[in-house]
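Residue numbers (the numbering used here), protein chains in the order written: chain A, 1 to 161; chain B, 1 to 744.
Careful: at least some of the hints might be erroneous.
[What the hints assert, rightly or not] With a Cα cut of at most 20 Å, we get these calculated EDC-like pairs of lysine to aspartate or glutamate:
1. A:K61 / B:D468
2. A:K111 / B:E492
3. B:K48 / A:E125
4. B:K48 / A:E57
5. A:K61 / B:D237
6. A:K31 / B:D521
7. A:K61 / B:E492
Simulated from the structure, these hints should not be mistaken for lab results.
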Amino acid sequence: MALAISAAAVLARAANCAICEGSAMREKPGKAYPLRDNAADDLRSFSERPLSEITAEAVAKGEVSGDDLRTHADALRQQARIAREAGYPQLAGNFSRAAELASVPNDELLKIYELLRPERATHEELARLADYLELTYGARENAAFIREAAETYRERDLLRR
Amino acid sequence: MERSIRFDLLSKRDINKETFVEPWPEAGLIVADSPYDPQPSISIDGGKVVEMDGAPRADFDALDRFIVSHALDLDVAGAAMAMSSKEYARMLADINVPRADIARLVAGCTPAKLTDIMRHMNVLEMMMGLAKMRVRRMPANQAHVTNWREHPALLAADAAEAALRGFAEVETTVRVARFAPLNALAILIGTQTGRGGVLTQCSVEEALGLRLAMKGLTSYAETLSVYGTELTFVDGDDTPWSKAFLASAYASRGVKIRFTSGTGSEALMGRAEQKSMLYLEARCLLVVKGAGSQGVQNGSISCIALPEALPGGVRAVLAENLLASMLGLEVASGNDALASHSSIRKTAKLMLQFIPGADFIFSGYSAIPKRDNLFGGGNFDAEDFDDYNVLQRDMQIDGGVKPIREDEALHIRRKAGEAIQAVYRELDLPAISDEEVDAATVAHSSDDMPERDIVPDLEAADRFMASDSDFVTVMQALQRSGFGEVADNILEMGRQRIAADYLQPAAIFDADFKVQSAINDPNNYTGPGSGYRPQGQRWQDIQAIPQAKPPTGFVEPHVGQPLSRLVEIGPAARGTGKEVVLALGPAFGRALGVTIGGLEHEAVLKAILGGIAGEGAVARIIRIYHSSDCAAIGFVGARLSGSGVAIGLQSRGTAVIHQKDLAPLNNLELFSQSPSLTLATYENIGVNAARYALGKSTVPVSVKIDNGARLRLIVKTALLHRRETDEVCPDQAPVECLFDWEPD
Chain A
1 MALAISAAAV LARAANCAIC EGSAMREKPG KAYPLRDNAA DDLRSFSERP
51 LSEITAEAVA KGEVSGDDLR THADALRQQA RIAREAGYPQ LAGNFSRAAE
101 LASVPNDELL KIYELLRPER ATHEELARLA DYLELTYGAR ENAAFIREAA
151 ETYRERDLLR R
Chain B
1 MERSIRFDLL SKRDINKETF VEPWPEAGLI VADSPYDPQP SISIDGGKVV
51 EMDGAPRADF DALDRFIVSH ALDLDVAGAA MAMSSKEYAR MLADINVPRA
101 DIARLVAGCT PAKLTDIMRH MNVLEMMMGL AKMRVRRMPA NQAHVTNWRE
151 HPALLAADAA EAALRGFAEV ETTVRVARFA PLNALAILIG TQTGRGGVLT
201 QCSVEEALGL RLAMKGLTSY AETLSVYGTE LTFVDGDDTP WSKAFLASAY
251 ASRGVKIRFT SGTGSEALMG RAEQKSMLYL EARCLLVVKG AGSQGVQNGS
301 ISCIALPEAL PGGVRAVLAE NLLASMLGLE VASGNDALAS HSSIRKTAKL
351 MLQFIPGADF IFSGYSAIPK RDNLFGGGNF DAEDFDDYNV LQRDMQIDGG
401 VKPIREDEAL HIRRKAGEAI QAVYRELDLP AISDEEVDAA TVAHSSDDMP
451 ERDIVPDLEA ADRFMASDSD FVTVMQALQR SGFGEVADNI LEMGRQRIAA
501 DYLQPAAIFD ADFKVQSAIN DPNNYTGPGS GYRPQGQRWQ DIQAIPQAKP
551 PTGFVEPHVG QPLSRLVEIG PAARGTGKEV VLALGPAFGR ALGVTIGGLE
601 HEAVLKAILG GIAGEGAVAR IIRIYHSSDC AAIGFVGARL SGSGVAIGLQ
651 SRGTAVIHQK DLAPLNNLEL FSQSPSLTLA TYENIGVNAA RYALGKSTVP
701 VSVKIDNGAR LRLIVKTALL HRRETDEVCP DQAPVECLFD WEPD
């Protein structure tokens with residue numbers, strides 16, 4: 001109890017933290033959200049087609065592919081900003097990593113996930129994977145994340161023997 | 001040994017089918033406050049956590065490392081850890097402290113600190129906390145839809161009904177893993193037939209789940225399980241990094257995810273490391289948050305019976321729900337797996353989440369009978385639908401579903417059955433016959449479905465999975481076969497992937513296919529007058545259970561023709577001799593003609609008069625106009641009776657034998673249980689009244705005790721009494737009547 005300080009004092013200190021700037025925004029939606037309603041004209045699919053082109057008629061004519069209904073990295077980056085602004089920094093980090101992964105093919109995503117599971121990869125394999133993602137897809141945040149995993153796996157004996 | 005009949009009976013009650021065990025911290029069999037749980041602490045040096053919860057950095061396991069790198073907000077950690085746990089507890093229970101203020105500080109709390117805060121809270125305070133900290137303002141609900149036959153038409157029909165009932169998410173799984181794509185397809189088509197915008201998932205192995213999502217067959221996943229010790233995590237074949245990567249992989253394809261954790265899993269896997277379940281859950285939740293998941297399903301989930309075997313288990317489960325919401329995570333709060341044999345216990349436990357509201361009150365309400373539930377779920381199932389609807393109506397609480405009519409259910413089930421039939425035909429999957437669609441339309445469970453050859457279905461599932469077919473193929477099949485509306489809903493789900501709005505915390509699509517999440521519908525509860533309460537149309541929908549009848553319907557069967565043989569002849573005078581006065585209520589034989597027990601008033605009169613005559617006494621009938629009260633009717637009758645004895649009789653059939661020397665509310669015999677009264681009883685009332693009048697010794701009339709009568713008939717009782725009261729004329733004196741009838 002000696003350490004106990006008042007909530008008001010803690011909140012006052014917290015209010016000065018950089019991370020807490022704009023805390024009044026936390027309970028307010030980002031102005032653009034939901035993008036589906038407020039930014040529909042700017043939304044594009046992974047295949048760079050505008051949302052307005054992706055209609056039932058187009059589907060019926062066979063003019064819509066799976067990639068026309070796949071998420072574009074830009075939308076994920078925008079959702080990352082919205083999440084950060086609303087006070088969800090970790091979720092924003094996830095969306096940023098997801099934006100980097102938007103262009104990684106399905107099979108590769110499944111392979112990367114498999115390599116990150118316990119005792120699947122050596123330290124070197126993980127390091128190479130990180131480099132590959134960074135060089136091929138510009139996935140800097142994912143690369144850093146995988147390098148961090150590789151360090152922890154080495155120290156906690158989670159690498160392939 | 002002697003056996004108590006009562007203890008013997010108690011031993012056979014449902015509650016005693018449960019297992020209860022004493023705590024054993026060394027084995028992790030303790031829900032909270034293990035003596036081995038660490039004390040909260042943190043030391044930060046140069047922007048790096050060098051010590052947490054008593055452990056130096058060198059001793060950090062993979063979870064600790066992940067938590068300090070990704071979950072803790074080090075800018076507030078120092079201040080947050082310095083504030084007393086009790087102060088947090090008080091803030092959580094205090095309606096004047098908004099959720100954002102608490103969330104900001106909690107971001108700097110370690111696992112031991114989070115656990116320590118809960119130590120100060122009772123369940124009522126935790127419920128207040130959950131009502132405030134839940135991230136989405138409006139609560140919602142998730143359904144399980146599976147069946148042991150894995151019948152596509154039944155899956156589609158049940159999913160459509162679940163969607164119509166208002167579930168915001170529908171989860172299915174497989175008995176045979178190869179069925180995954182077809183089961184996912186069936187609930188996709190079913191839900192989008194029932195209501196566009198219901199999110200769906202198929203719970204399978206992680207990599208397969210991701211492939212289903214990539215095909216557009218599912219829109220969310222919650223199979224990302226985490227555990228509170230490194231060894232259990234690795235036993236689960238994952239690490240915090242692999243799980244976090246998986247979360248990003250799903251998000252990269254526009255698919256919502258939530259993680260899964262819950263008390264008891266570590267003890268069940270034998271690797272609890274002497275820690276309490278709640279402390280380990282706090283570690284899980286920080287991993288979940290650090291991984292960037294928008295939410296979690298916790299509340300013990302499939303391990304629920306383990307904390308419930310221990311003291312304080314249900315409280316600890318609420319505590320873990322609250323911890324998740326404090327961390328800004330969407331919470332699907334359990335209540336899914338079978339938790340109790342006792343309906344009292346299972347319902348009481350539910351109240352802890354139902355009353356405050358959770359983002360998803362159930363992480364799987366079994367929208368099918370529990371014998372068809374392939375999750376081991378069904379704590380509440382399809383057979384409890386009406387009970388659940390009534391709970392919402394009773395408490396004016398939005399439990400995330402609404403009552404539906406039978407004809408609506410049949411219509412939507414048939415439509416979903418026909419839609420999946422058409423898609424199977426168009427995609428060259430094994431045919432679904434009209435008989436199967438018919439059966440699925442009316443079915444309750446797998447037992448009601450015809451046999452189906454699963455071998456060709458499984459082969460077709462393999463082909464479908466291996467092919468390029470995806471939800472676009474499915475949309476085209478629906479369009480070609482006249483189900484354009486269902487195709488439009490699936491297309492809109494695809495368009496929503498492009499927007500990715502529903503990846504934000506606690507996102508669902510509402511009845512208008514609009515996203516509602518913590519971003520645009522943040523919980524703003526700060527006490528009365530704030531936050532969410534079901535109002536307007538939503539409250540009307542919750543009220544409108546099909547069993548509720550208009551009040552007039554209760555009275556109509558009791559309205560009869562006025563008795564032509566009962567005539568009023570003039571003001572009633574005080575009588576003489578050994579007579580019995582039969583005093584009638586103002587509506588008797590006039591506005592009303594049948595008792596609550598369904599007896600014709602004329603027959604009742606004949607029975608009583610027959611009883612009086614049989615004893616050799618004289619009867620005189622008087623109608624009371626100034627009161628509808630049974631005691632008042634009988635008392636006035638007694639004062640006008642020559643013998644001082646009267647029977648008071650209300651139109652609904654309630655009777656009293658009164659005596660003029662008694663106080664108005666006293667009596668000789670009272671027959672308040674009018675629904676149980678038979679003509680024989682009324683005859684005996686006549687007999688006894690006559691015997692009192694004649695001064696003979698009298699055995700009171702025995703009446704069957706039926707304590708359920710009031711429960712069943714109280715509305716009718718009130719409305720019949722109201723009808724009688726309508727006939728009251730306050731200034732009109734009692735009237736003498738003549739009943740044109742002679743006993744045999």
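Tested hints:
About 17 Å separates the Cα atoms of K61 of chain A and D468 of chain B, which keeps this hinted pair within 20 Å; it holds. With a C-alpha separation of about 30 Å, the suggested pair K111 of chain A and E492 of chain B falls outside the 20 Å cut-off, and the hint is violated. At most 20 Å may separate the alpha-carbon atoms for a hinted pair to count; K48 of chain B and E125 of chain A exceed this at roughly 28 Å. Proximity of K48 of chain B to E57 of chain A is assessed by CA-CA distance (about 56 Å); at most 20 Å being required, the pair is judged violated.
Pair hint K61 of chain A plus D237 of chain B does not hold up; C-alpha atoms about 44 Å apart against a cutoff of 20 Å. A hinted pair counts as satisfied when its Cα atoms are at most 20 Å apart, and K31 of chain A with D521 of chain B qualifies at roughly 13 Å. Taking the CA atoms of K61 of chain A and E492 of chain B, the gap is near 17 Å; set against the 20 Å cutoff, the hint holds.
The structure fails hints 2, 3, 4 and 5 (numbered hints given earlier, in ascending order).
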